[in-house]
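Chains A and B supply the protein sequences, listed in that same order.
Be aware that the first sequence starts at 0, since it is given in numbering that gives the first Met the number 0, and climbs by one per residue.
Be aware that the second sequence starts at 0, since it is given in numbering that gives the first Met the number 0, and climbs by one per residue.
Do not rely on the hints blindly, as some may be mistaken.
What the hints assert, rightly or not - Partial list, derived from the structure: chain A residues whose beta carbon lies under 8 Å from chain B:
no., residue
1, 6
2, 71
3, 73
What the hints assert, rightly or not - Okay, derived cross-link-like pairs now, SDA-like style, lysine to any residue, Cα gap no bigger than 20 Å in a straight line:
no., chain 1, residue 1, chain 2, residue 2
4, A, 76, B, 126
5, A, 193, A, 109
6, B, 386, A, 109
7, B, 126, B, 147
8, B, 467, B, 501
9, A, 76, B, 439
Said to hold, decoys possible - Pairwise CB distance ranges, derived in the manner of DEER restraints:
no., chain 1, residue 1, chain 2, residue 2, range
10, B, 55, A, 38, 52 to 60 Å
11, A, 22, B, 403, 51 to 59 Å
12, B, 68, A, 203, 55 to 63 Å
13, A, 38, B, 237, 34 to 42 Å
Hints were generated in silico from the structure; no laboratory data involved.
These numbers were taken from a predicted model, which means no experiment stands behind them.
All C-beta atoms in this analysis are idealised placements derived from N, C-alpha and C, irrespective of residue type, glycine included.
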Amino acid sequence: MSASVGIAETGPEQPKEFAFTAANLKKAKAIIAKYPDGRQQSAVMPLLDLAQRQSGNWLPRVAMDYVADMLAMPRIKAYEVATFYSMYNLKPVGKHFVQVCTTTPCWLVGSAGIIDACKKQLGIGLGETTPDGEFTLIEVECLGACVNAPMAQINDDYYEDLTPENTVALLQALADGKPVKTGSQTGRRGSQAKSGPTSLHAQAKAAGVEG
Amino acid sequence: MPTLSINGISVEVAPGTSIIQACEQLGIEVPRFCYHERLSVPANCRMCLVEQKGAPKPVASCAMPCADKMEIFTDSELVHKARKGVMEFLLINHPLDCPICDQGGECDLQDQALGYGFDRGRYIENKRAVSEKYLGPLIKTFMTRCIQCTRCVRFADEIAGAPEIGLLGRNEMVEIGTYVESAITSELSGNLVDVCPVGALTSKPYAFAARPWELKKTDSIDVFDAVGCNIRIDARGSEVMRVLPRTNEDVNEEWIADKSRHAIDGLLRQRLDQPYVRKDGKLVPASWPEALAAIAAKLKGLDGSKIAAIAGDLADAEALIALKDLMTALGSTNLECRQDGGKFDPHARAGYLFNSTIAGIDQADAFLIVGSNPRWEAPIINARIRKRFLTLRENFQAAVIGANLDLTYPYEYLGAGPETLTKLASGRHAFAKVLQNAKAPMLILGSGAVARPDGLAIQALVAKLAAKVGLVRDGWNGFNFLHRAAGRVGALELGFVPGEGGRDLDAILDGAGKGEIEAVYLLGADEIDMSKLGKAFVIYQGHHGDRGAHRADVILPGAAYTEKNATYVNTEGRAQMARLASFPPGEAREDWKILRALAEALGKILPYDTLSQVRRRLAEAASVFRNIDSVTAAEPGPFAAASTGTVDNAPFAMPIENYYMTDPISRTSPTMAKCTEDFGIVEPRTGTHG
Chain A
0 MSASVGIAET GPEQPKEFAF TAANLKKAKA IIAKYPDGRQ QSAVMPLLDL
50 AQRQSGNWLP RVAMDYVADM LAMPRIKAYE VATFYSMYNL KPVGKHFVQV
100 CTTTPCWLVG SAGIIDACKK QLGIGLGETT PDGEFTLIEV ECLGACVNAP
150 MAQINDDYYE DLTPENTVAL LQALADGKPV KTGSQTGRRG SQAKSGPTSL
200 HAQAKAAGVE G
Chain B
0 MPTLSINGIS VEVAPGTSII QACEQLGIEV PRFCYHERLS VPANCRMCLV
50 EQKGAPKPVA SCAMPCADKM EIFTDSELVH KARKGVMEFL LINHPLDCPI
100 CDQGGECDLQ DQALGYGFDR GRYIENKRAV SEKYLGPLIK TFMTRCIQCT
150 RCVRFADEIA GAPEIGLLGR NEMVEIGTYV ESAITSELSG NLVDVCPVGA
200 LTSKPYAFAA RPWELKKTDS IDVFDAVGCN IRIDARGSEV MRVLPRTNED
250 VNEEWIADKS RHAIDGLLRQ RLDQPYVRKD GKLVPASWPE ALAAIAAKLK
300 GLDGSKIAAI AGDLADAEAL IALKDLMTAL GSTNLECRQD GGKFDPHARA
350 GYLFNSTIAG IDQADAFLIV GSNPRWEAPI INARIRKRFL TLRENFQAAV
400 IGANLDLTYP YEYLGAGPET LTKLASGRHA FAKVLQNAKA PMLILGSGAV
450 ARPDGLAIQA LVAKLAAKVG LVRDGWNGFN FLHRAAGRVG ALELGFVPGE
500 GGRDLDAILD GAGKGEIEAV YLLGADEIDM SKLGKAFVIY QGHHGDRGAH
550 RADVILPGAA YTEKNATYVN TEGRAQMARL ASFPPGEARE DWKILRALAE
600 ALGKILPYDT LSQVRRRLAE AASVFRNIDS VTAAEPGPFA AASTGTVDNA
650 PFAMPIENYY MTDPISRTSP TMAKCTEDFG IVEPRTGTHG
């Protein structure tokens, strides 16, 4: 993390130039076309996201410049957007970007243990990246999956009902490049109650719908 | 028209008026930080909360429009409680460093904390610290003091047209900055310091220099361009510490350009503080009687046709009339005030004035700029045009003939030279239609466009265009001449131009080279080619040891604009008075007094001994001086003398190479030198450095 959000990152990892690939350029044009004439600047957020995905889950400064120029808006306006939203990473992150939720509901059911397990398994602290560039670990505020707490987001996917044990297994599987299950790690379907379905059981039985 | 009551007083306001504006109409003060009447309204500081009857919570008066039958209270218990709460939050992260803060004594936060602050802090956590930002050579930052009102962001975005400052990050991490380290590329950046309600942005050259209560404040007029910005000069003792804008809605609103504000440190350098006389090729210090005697010895018996006078850019009207009267007494008609080589017709008054007036820009709907870079020649006028662009948006129509530069508003680039102008004047260009169809078309002719041998023909061509598209209409005169020099229009009004049989600039220089002109009087004229003066005896009267003084045979030390009571006429034809803020250094004297004394030494006594007598003479000489502070409009047309000359199709050259150094004061200013360096402007060779 930079000492200040108000000053651009200038690390050696910052590329000198950026341009959308042909495929992404096509996508970008489709995104821009969604907005009425003269309101193209509204596309700044999806375009920054597209640029972030193309750059390996982080947003170099030249990419922000590129998007701002593409939308004919002052570059500072793109910087404002990119620094405001926490989902834009202004510095490189690992291949697996582990964001563990530590807001109250997750914390009540043991997110601290999840964080500890991650730190131990990965050998890094919060805000750090493993030397091989595979994992970055951070804690985040509520991601809105409280019902399946504790949870973490790794890249685009949610991993829920975490325990220290299944977290370690999950990270190991990711490190080994094995397929992993997204969503609940305990096999719970959606957000149904942990003890299985509880409501309307008796009625369903009485009506002969359920055995 | 909604009618509402504020503190029980009924007031009727125009639709769309906000509550804070309605309060101001009644003279009720509402504290505010983010709200600024010339900027957009973000309503993020929450200091202007008022109570509205029936509303569940206090409302932000800056953003709430007045509605019929509203009942507003600005002094209730709820309001005080709300504002105290806001103030407490603002002070959580604001350092208690008023004793070392340059804003101290003129700080909105300090003042309002007196009214709404708590006598102790309840916040025991650490205050946050924010790293400093680099915003250029004129602005010093202390970002920990920032309260995130975003006035600077909006000023840069809206008024200056340099959207380079932003609000970065979020929540407690939020910071004002440029993100990428860079100076603000605007000639109006000094105003950021004025709009900042706290000490986050302060003036770098003025840092830790003085406290507001130590300064003697003098209302005056700016001379660094021909806009005639209203300024306040703050001096301590004999030193001018800073210059601030004064509000004048018709001229500069409440802004001034960076050169006007920061070139003043040049007033302390390379000053001429005693007379000099050249002896054996060297300038040696002399007393006043010696210097005057040296001039008398040369001029006595010399035929008037062999004497010439050239007035410089900063010459005041009092000095100009005194010099003109002296030259007339000596029998010379070789007067010239257009030291840039301007070739326009000096007798057609409408042809050399900014007839639409600066405030008139607010009505104009089509602009044609010819041979001018208003951003450098008159930043305040350029900002006014940008303001018009922000109002009209897609209906704003502007075109430029000349250099294709960033003027902070969009325009159609028509061409580089008179060729395009010819096309327009004959109606063969599409933009002629635009001007014709506009309600209030404005043509701005730069002084650089006519500072060339075919200047008269260019002016005539523009006059032809004016007639073709009908720039003059009912109550509207769209022909505008944009001057660069504060002293020029005053000189033109006084007829400080070649009289009958008189020589113009080229002829004077030519004559001096050939020996036909034996004595040249330079009244602060530094921009002419001194090498062309040949063997002529040169008298230089001025305040800086610049080009003219280097060439002079006798130097008479005059007063700079901050050191004299003087009248200047701006490009609109508005006479305004500059006032003495500090005394001229050493032996230097007010300029008209020098000329009065010289005339006496030459045996030609000028009929005035006091400033009021000089001013009476001015009023006699030209009507513009009878009408101080308001525009003396010109009869609409003719805009130029009939010209038979042919137009040369060479592109218009921009007269200003470096905005930050255009005159003897700014050329000696270290701050302006720093700006030149930091903005990467190649400095033209001046011969005064080193």
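Each hint, compared with the structure:
| no. | hint | in the structure |
| --- | --- | --- |
| 1 | 6 | 7 Å, holds |
| 2 | 71 | 11 Å, violated |
| 3 | 73 | 4 Å, holds |
| 4 | A:76 to B:126 | 28 Å, violated |
| 5 | A:193 to A:109 | 16 Å, holds |
| 6 | B:386 to A:109 | 58 Å, violated |
| 7 | B:126 to B:147 | 15 Å, holds |
| 8 | B:467 to B:501 | 34 Å, violated |
| 9 | A:76 to B:439 | 34 Å, violated |
| 10 | B:55 to A:38: 52 to 60 Å | 33 Å, violated |
| 11 | A:22 to B:403: 51 to 59 Å | 37 Å, violated |
| 12 | B:68 to A:203: 55 to 63 Å | 59 Å, holds |
| 13 | A:38 to B:237: 34 to 42 Å | 57 Å, violated |
In terms of the numbered hints stated before, the structure departs from hints 2, 4, 6, 8, 9, 10, 11, 13, listed from lowest to highest.
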